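Colleague: Assemble the whole structure, with the sequences as input and the hints as a guide.
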Amino acid sequence: MERTTEDDERPTVPLLEPKPASNEEEEEVGSVRRRVVEENKKLWVVAGPSICARFSSFGVTVISQAFIGHIGATELAAYALVSTVLMRFSNGILLGMASALETLCGQSYGAKQYHMLGIYLQRSWLVLFCCAVILLPVYIFTTPLLIALGQDPEISAVAGTISLWYIPVMFSYIWAFTLQMYLQAQSKNMIVTYLAFLNLGIHLFLS
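Counting in full-length UniProt numbering, the sequence shown runs from 1 upward without gaps.
Think of the hints as simulated: they come from the structure by calculation, not from any bench. Hints should not be assumed to be uniformly reliable.
Label pairs and their in silico Cβ distance ranges [unchecked claim]:
hint, residue 1, residue 2, range
1, Gln122, Trp165, 35 to 43 Å
2, Leu198, Arg88, 35 to 43 Å
3, Ala66, Ile167, 16 to 24 Å
4, Pro144, Ile191, 25 to 33 Å
5, Gly96, Val45, 23 to 31 Å
6, Gly118, Lys42, 50 to 58 Å
7, Gly106, Glu39, 13 to 21 Å
8, Val32, Trp165, 48 to 56 Å
All values derive from a computational prediction rather than experimental measurement. Backbone N, C-alpha and C define an ideal beta-carbon position, used for all residues, glycine too.
Modeller: Here it is in structure tokens:
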């Protein structure tokens, strides 16, 4: 008798035939990929300008800190204390209050109640102005507050001087934050980006 080899014993016909993809399945896969690409583009249209605006806003602080570092260690420490503690504290409150404007303007814009956009914007100016006035004593009495918290008296004195110069900056955030939310609710994101980069360029030139 002849011995059969292992190759002869292997099945030459598959037990299960691969099921070819139907036209509907191919169209569904292509549709999902197309929708993912389209949604990704839409997200970047909305988020891209906001990212650039935040980047330029952070760049203003970095540029200022870099140039102040050439003056001295005390001035650098005082500026870092004001920008990272005092300004972040007030920014959080003002930006949080301004975030409500984006919701209200977005609802009005979607409902085609365009006359309410300006009304909400003006109301937000009044609300944020009152919040800025409440925060004003923190900027005026920065030196005694920092000393009471245990900071170095010399650094606290310089930080108190810097904080007084930051009072107009704090009040400028009233219009900066509200107008940004006002424009974003109407999908005018590129205006915010252009102004943010213009602000960064002017600040770099003046520094």
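Colleague: Evaluate each hint against the coordinates.
Modeller: Each hint tested on the structure:
1. Gln122 <-> Trp165: 35 to 43 Å: violated, 28 Å
2. Leu198 <-> Arg88: 35 to 43 Å: At roughly 24 Å between Cβ atoms, Arg88 and Leu198 fall outside 35 to 43 Å, so the hint is violated.
3. Ala66 <-> Ile167: 16 to 24 Å: About 23 Å separates the Cβ atoms of Ala66 and Ile167, which means 16 to 24 Å holds.
4. Pro144 <-> Ile191: 25 to 33 Å: For Pro144 and Ile191 the Cβ distance comes to about 42 Å; the hint is violated.
5. Gly96 <-> Val45: 23 to 31 Å: 25 Å Cβ-Cβ, so the 23 to 31 Å window holds.
6. Gly118 <-> Lys42: 50 to 58 Å: violated, 27 Å
7. Gly106 <-> Glu39: 13 to 21 Å: Taking Cβ atoms as reference, Gly106 and Glu39 lie about 19 Å apart, which means the hint holds.
8. Val32 <-> Trp165: 48 to 56 Å: holds, 55 Å
The structure is inconsistent with the numbered hints 1, 2, 4 and 6, although it conforms to all the rest.
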